[in-house]
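S.K.: Each chain, letter by letter, is given below.
Protein chains: 2
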Amino acid sequence: MVEPVGNHYVVARPVYSENLFNEEHEKLHRYHKTFWDHLKLCFRCSPQKAKKIALALFPIVSWLPAYRFKEWILSDIISGINTGLVAVLQGLAFALLVNVPPSYGLYAAFFPVLVYFIFGTSRHISAGPFPVLSLMVGGAVVRLVPDEVAVNGTSMNTSAIDEERVMVAASVTFLSGVIQLLLGIVRFGFIVIYLSESLISGFTTAAAVHVLVSQLKFMLQLPVPGFNKPFGIIYTLESIFSQITNTNIADLVTSLIVLLIVFVVKEMNDRYKAKLPAPIPIEFIVTVIAALISYYVKLEEKFNVAVVGKLEEGFKAPVAPDVGVLQKCIGDGFSTAIVGFAVAFSVAKVYSIKHDYPIDSNQELIAFGLGNIVGGSFKGFASSTALSRTGVQESTGGKTQIAGILSAVIVLIVILAIGFLLAPLQKSVLASLALGNLKGMLMQFREIGILWRKDKYDSIIWVVTFLAAVFLGLDIGLGAALAFQLLTVVIRSQIPSCTVLANVGRSNIYRNKKDYTDIYEPEGVKIFRCSSPIFFANIEFFREKLITAVGFNPLRVLRKRNKALRKIRKMLKKGELQVTPKGLICTANYTHESEEELDNNRIEELDQPTNMTDLPIRINWGADLPLGITVPRVDIHSIILDFSSVSFLDASAMRLLQKTLKEFVRIDVDIYIAGAHEDFLDKLERSAFFDEEIKPSMFFLTIHDAVLHILLMKDISSSAKLKPTEEKGRSNNCITIPSNGLRSRECTVLEEAC
Amino acid sequence: MVEPVGNHYVVARPVYSENLFNEEHEKLHRYHKTFWDHLKLCFRCSPQKAKKIALALFPIVSWLPAYRFKEWILSDIISGINTGLVAVLQGLAFALLVNVPPSYGLYAAFFPVLVYFIFGTSRHISAGPFPVLSLMVGGAVVRLVPDEVAVNGTSMNTSAIDEERVMVAASVTFLSGVIQLLLGIVRFGFIVIYLSESLISGFTTAAAVHVLVSQLKFMLQLPVPGFNKPFGIIYTLESIFSQITNTNIADLVTSLIVLLIVFVVKEMNDRYKAKLPAPIPIEFIVTVIAALISYYVKLEEKFNVAVVGKLEEGFKAPVAPDVGVLQKCIGDGFSTAIVGFAVAFSVAKVYSIKHDYPIDSNQELIAFGLGNIVGGSFKGFASSTALSRTGVQESTGGKTQIAGILSAVIVLIVILAIGFLLAPLQKSVLASLALGNLKGMLMQFREIGILWRKDKYDSIIWVVTFLAAVFLGLDIGLGAALAFQLLTVVIRSQIPSCTVLANVGRSNIYRNKKDYTDIYEPEGVKIFRCSSPIFFANIEFFREKLITAVGFNPLRVLRKRNKALRKIRKMLKKGELQVTPKGLICTANYTHESEEELDNNRIEELDQPTNMTDLPIRINWGADLPLGITVPRVDIHSIILDFSSVSFLDASAMRLLQKTLKEFVRIDVDIYIAGAHEDFLDKLERSAFFDEEIKPSMFFLTIHDAVLHILLMKDISSSAKLKPTEEKGRSNNCITIPSNGLRSRECTVLEEAC
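Chains C and B supply the protein sequences, listed in that same order.
Position 738, counted from 1, in the first sequence is what our numbering calls 738; the numbers after and before it change by one each time, with no gaps.
Position 722, counted from 1, in the second sequence is what our numbering calls 722; the numbers after and before it change by one each time, with no gaps.
There's no promise every hint is true.
Stated by the list, open to error - Below, in silico cross-link-like pairs of lysine-lysine (BS3-like), each with a Cα-Cα straight-line distance of 27 Å or less:
1. Lys-349(C) / Lys-229(C)
2. Lys-513(B) / Lys-33(C)
3. Lys-40(B) / Lys-514(C)
4. Lys-513(B) / Lys-545(C)
Calculated directly from the structure, the hints in this document are not laboratory data.
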C-alpha cells in the first residue's frame, strides 16, 4: 500500500492495538546486550585488542612511518620555527602569570611538546603553556607562598621565595598530570561532551578577562598580591586602583605602544590575509626591537622598569614533587587538569574536523597527563595548548607533530644558548604581547545576543558561565557553570508542554486543539499529549495538567462515589430507597446527618474501587442518584495519552502514573496510551506496572487507532443498550444545597466539575 | 473520516508537508505569552491579588473560622496530649544530638509549633525537632565549640561550654530560619520537586545510620567528640571502638533492655493495629518506669550513669544571634534550611494527599523559616518535623493544628512545672527511645532491589545518595546526591536510541527495521529516528549514528567530489577528457600527479557545494566518471529524520544539525524531517536555521507523508528522464589502485561506502 496515489495518502488497515499488531506482525527475537554483557565485552582480552590498545597508546607508531617526507618536511620546518619563536615569548610571558622567573616558562614550553609528540593524537595543536592555566597555577602559588609585604625585600629573600614558588608550581603541575593520566586510563575523556559551545565561549571570555586583569600588574609594574579565591578579581582590581599612583610611567608607556602596534599589525594581518604571503610575525619583531632599545637605553637602570633578567641556562635536575604541597593543592590540581584538558581538546577538535582525522579524548588525557608529569618533574608548569600558538603552527603550514618537535628545538636553543639576548626585555612588553591575543576571545561577548535569538537557555548558560568564572574564579566557576548547565537540561526536560489534542481535518492528524478552527474532538474523549520525558521532577506537573485537561480530580470523584455508595447502602437499609426497574427511587427524604468523621482506615477504603456487588442495582453515576446524594459529574469516558515524546519514565513517575491511571480506571474512565516507544511495554511489564486494572491492552499504535477503537466500542455498547440521552439530560442537575462549611466546599468542587 | 468502519483504519487525504497542511488548515493566531508577559503578570498588583497573598500568608485566617468545634475538638485534644508527650521526650533526646543540655530541646519543641499554628499549611504535621537536623546542628556546635580534652573538666568549665554551645545552636537555627524565610519569599519552594523518592529514601536511610552511630555514644556513655566533616562517621566509629573498654555497663544494659521492649511493643502495635483501640504509648511508659527506677535505685550515684539532670525551668530571654558564629556557619545554615524543609514538606505531602487538601511549598518555607527564627531567638534549635511524632499526631485523630497547639501546651507544662520529674532519667534511655523509631527507616534498604528491577537509574541514585550522605555527611552528601541525580536525567536524555525504521505491514506504520521480518524499506531512503532531545551532550553522538546508519560521511563524500571536479577541470583543460553526448570520455590516461598539497583556504573550498556551472556537462556522481577518478558511492537519495521524540534542540545542536544537513544536501541527498513538534519550525525560523539549502519545506507531518512524497517525486523524475538502470550497473565498479599511503586510506573509506 506504500504506493503514491497521485499526491494522496491512502491507508486501509485494521485498527492496531500494540497487542494486535504484535500478533499480526512477527517480531524477531533479538538478544539485547545487558549491562554485564557490555562490561564483559569491555574487559575481554584478545591479541588483536591488545595490539589495538598498544597502538592507540603510542599514536606516533602509526603516523610517523606514514610521514610523507618530501611533501611535508618543508612546511613542518617553517611552521616549527615560527611556532618555536612564539612558544619562547609565550613561555616567558606566561611564567609571569605563574609568578615564577621567566626562564621556567621555557621549560613549560619544551617538555610537554616532546611528550605530546609521542602520545598525542592531534596533528596540529602546539602543546605548552596556556595563559588561563598559568593563572590558575599562579593562584595556588601565591596562596601557598605569598609575597613578602612588598617587593623591597632583599634579593636573597626574593630568590628564596622564587625557589619555593617554582617548587609549588611544579608540584601542582605534577599533580594535575597524575590526575589527567588517571582520568585517561579510566576512559574519562567523555566528560568533554558536557562542555557545550556556549559554556566554552563564556568560560574562555572569562579567562580572557582574568588574563587582562592579571597583566595589568606588569603593565603598570605594581606589586599586586594574587587572590586565588572567590571574588579574587575584585580584590585584585581594588589593590591595583589603590596604588595606581605608584605606576611606573616608563612601563605604562611601553605597554601602550606595544599594544597599539600589536593590535594594528594583527588587524592588518587579518584584513590582508589573502595578499600577505605569511602573517607578519609582529610579536617576534616587537620583542627584538624592545630588547634592543631596553639594552641600549638602559631602561632598567634609568627608569627602574622590570626586565626579564638573566635567564638560567640549561636544565634543572628533575625533582620529586613536594608531598606537603600536593596535599594542599588537590583542588587546584583537579581544576587545572580539567580546564587544561578541556581547552586542549576543544582546540584539537576544531582542527581535527577541519582536516578530517580522528582524535581520541582519552589518549589526549594520557598525553597531557604524561606531559605535565614530565614537565612538573623538570620544574615546568602546567601545559595545555594556547589558541594563538596552535593557530600559528597550523596556519604556517604544520602538517604533523614534526612541526611541534621542531618548535621544541627552537625553545631548546634559547634555553641552552641564546637566552641571554632576552635579558634586557621589559616584563611589560611580555605582558602586552600576551594581551594582544585576547581580542578574539573578548569579542565573544557578541555571542550573548546571537544566542538569545537562537536559544534563551544557551544565552543564559553563556552569561552564568562568564559571571561564575569571572567572580568565583576559573575552577569553582567552571564547576558551577557545569552544574548550572546540567540543570538547564533537566529544566528543559522537566517543563513539558502538555496539550489537549483534537482531530484536524477529520483524517488521522491530531494537533493542539487551541491552534485550529476546523477541529473535531470525539465526544467524551480527551487526547492529552506530554512532550517530554516524565520523571521525578515533572510527574506531579504532568498529573496536575492532566487533571486540568479532563476537568476533574479522579481521586476526589472516586471518594465522592464511595461516600455516595455508603449513603445509598444506609438508605437502602433504612428503607428510604427502593429499587425499581427504572432505578433507585427515593421513598423518604434523606435524613441529613452531620458529616460523619472517618478514621484513617475508612479514608483508605474510599480510595478503593467502587464495589456494587452487594447492591441490588448497578448505579449509573451519570444519572439517577437519589435526592440528596451528589457526585461530581464525569463527562468523559476515555482518555488517550500521547506518549510519542516520552522518551523515558523513572520509578517515581511510574508509581504516580500507575496511581493516577488507576484512579481514572476506578471511576470508569478508560485509559489508552498511544505512540509509546517500542521498549516501553517491556519495561513497564518488568516493573510490575500492570495488574487487573491497568492492562497492556491499553497500548495503541497511534492516537487514531485508539480513537477508532473507542468509537467502535461506544458504537457497540450504544447499540446494545438503550441510548442514555434522556438520562444524560437529567444528570445535569448536579446541584445541592450546602448545609455547612465542608459541604459548601464540596459543592464548589462539584460545580467546577459540572 | 473519523468513523469506525468495522475495525478498520481507513484514511485518504492529501500528502501533507508541514507547509501544505498549514495552508489547508487555518491556524488560529494565538498570542503566546513571552517571558516578559509572565514577569509582568507575576508582579502586577490588584486588590484581589493582594488579598489572596495576605490570606495565603496567614493560612490560619482561612481554616480557623471553619473549624468544626463539636466534631473535631475531642480528637484534637486526644491527639494533642499524645503528641505533646512524644514531643517532650523527643525534645530531650534530640537535644543530646545537638550536644546541648536536654532542657533546650523543650524550647525547640515549643516555639516552632506556635509559629506553625499561624503560618503552616499542613493540618497534620507536628513541627519541632527532627533527629537528622539536630545532628547537623550538633555537627556545627562541636566544630565551633569542641569538647575540652575529655569530660573530666571542672563543672564550671562544662557549663561555660554548654552555654557557648547553646548560643551556637541558636545562631545556626536563626540563620537557617532566615534562609528559609528568604527562599520562601522568592518562591523557591519548587526546589522540592528535585527531591525524588529514591533520593529521599536513600537520604533518610543514611540519616538513620547517622542517628544510630551518634546515639552509640550515649548508650555506651563514652566521650566521643563530634566529627562534622567528610568521613566523620568513620572517625566517630574509630573513636568509639578505641575506647570500647570504658563502656558504662549500667548504661549499656539499660539501653539494650529499653531497645528490646520498644521494639517488641512497636511490633505488637503494628501487628494488632486493628484490634488495639490506640497504639500502646510505650515511650511514655518506659520513660516513667525508667525515671522511677533511676530515682529510687539512685543509678547516678551508684553506677555513675549520665542522667538528664535538673531541667532549667521557665524560658530564657530572647537573644540576638552571634554574628561571629553566623559567619562561620553559613554552610551549616544552608544545609539545615534545605534538609529541614525537604523533610517537613515530604511528610506534609504524604498527609495532604491522604486527606486531600492543598499545601503550599513556599508558605511552608515561610512557616518553618519564621519558626526557626523565633526558636533560635529563644535558644531552641533547628526544627522541622519528625516522622514518628507526626505519625502519632495524625493516627491519634488530629484534625488540625489545634492538636499541634495543644501538644505545645503539654510541652509548656513540662517546661514550667513538672520538668523536675524527668531529672533522674538516664540519657541512655532517651538515646534508646530515639533509636526505637529508626527501624522503618533502616528497612528502606530493601528498596534497592525493588528499584533495580523497576529502573536501574533510580536504584543507583538510591545507593549513591546513601553512600554520599553517610560518608560525606548529610549536607555535602545531599548536595552531591542532588548533582548526581540531575546528572542521571542528563545522561538518560543524552543516550538516545537511534534506530533505522522501515515500513511494517505496508501501511503507515514504521518500526525498527531490525525487529520485524515483514518490512519494506523504500529504495534509497533511510528513515532515522532519534528518541531523545538533542543538545550539546549528544549532538555528536546523533551525527555519528546518522552517519553509521546511512553508511557514509557526507563531508568526506563532498570533499572527494570537489577534488574529483578539480581533476576533471584540469583534465578538460589538458584535453585528456572530452565531452560527448554520452558523458565524459577519457582520451588519454590521467597522469598521476602526486596528491597536491592544499593550503587552508583550499581545504575550506572543498566544503562548499559542488559547483558545475563552469563545466560543459553535469556530472552524474553515481556513474560515468573518467578513469582514475573515484568518489565514494552514495546509494541513498533521501533521509527522513523522525523527530517526534525530539522535545528540544539547543543552540549547539542546531548549529551542528544544520551543518550536517547541509553536507547531505550538498551531495544531493534530500533531507526530510517528520513528526517535529508544532513549535519547532517557528523556533528554527527564529534561529536563522533556514537558508537556500535548508528549507522549511522539508518538514512533513508524518514519516508516511514524507515517504509518499519521496516516492511521488522519484516517480515523476524517473518517468521524465531515461531510467538510469544501466548506468547504475556501471557505477558499482568503484575500485581504484592504491598508489600510496593516503590514497590507500581513501580507498578503504570508499570501499566501505560502496
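S.K.: Taking the hints in turn, state whether each one holds.
M.R.: Going through the hints against the structure:
Pair hint Lys-349(C) plus Lys-229(C) does not hold up; C-alpha atoms about 31 Å apart against a cutoff of 27 Å. For the hint pairing Lys-513(B) with Lys-33(C), the CA-to-CA distance comes to about 18 Å; that is within 27 Å, so the pair holds. The suggested pairing of Lys-40(B) with Lys-514(C) holds, with an alpha-carbon distance near 24 Å, which does not exceed 27 Å. The straight-line distance between the Cα atoms of Lys-513(B) and Lys-545(C) is roughly 35 Å, outside the 27 Å bound, and the hint therefore fails.
Against the hints set out earlier in the document, violations occur for numbers 1 and 4.
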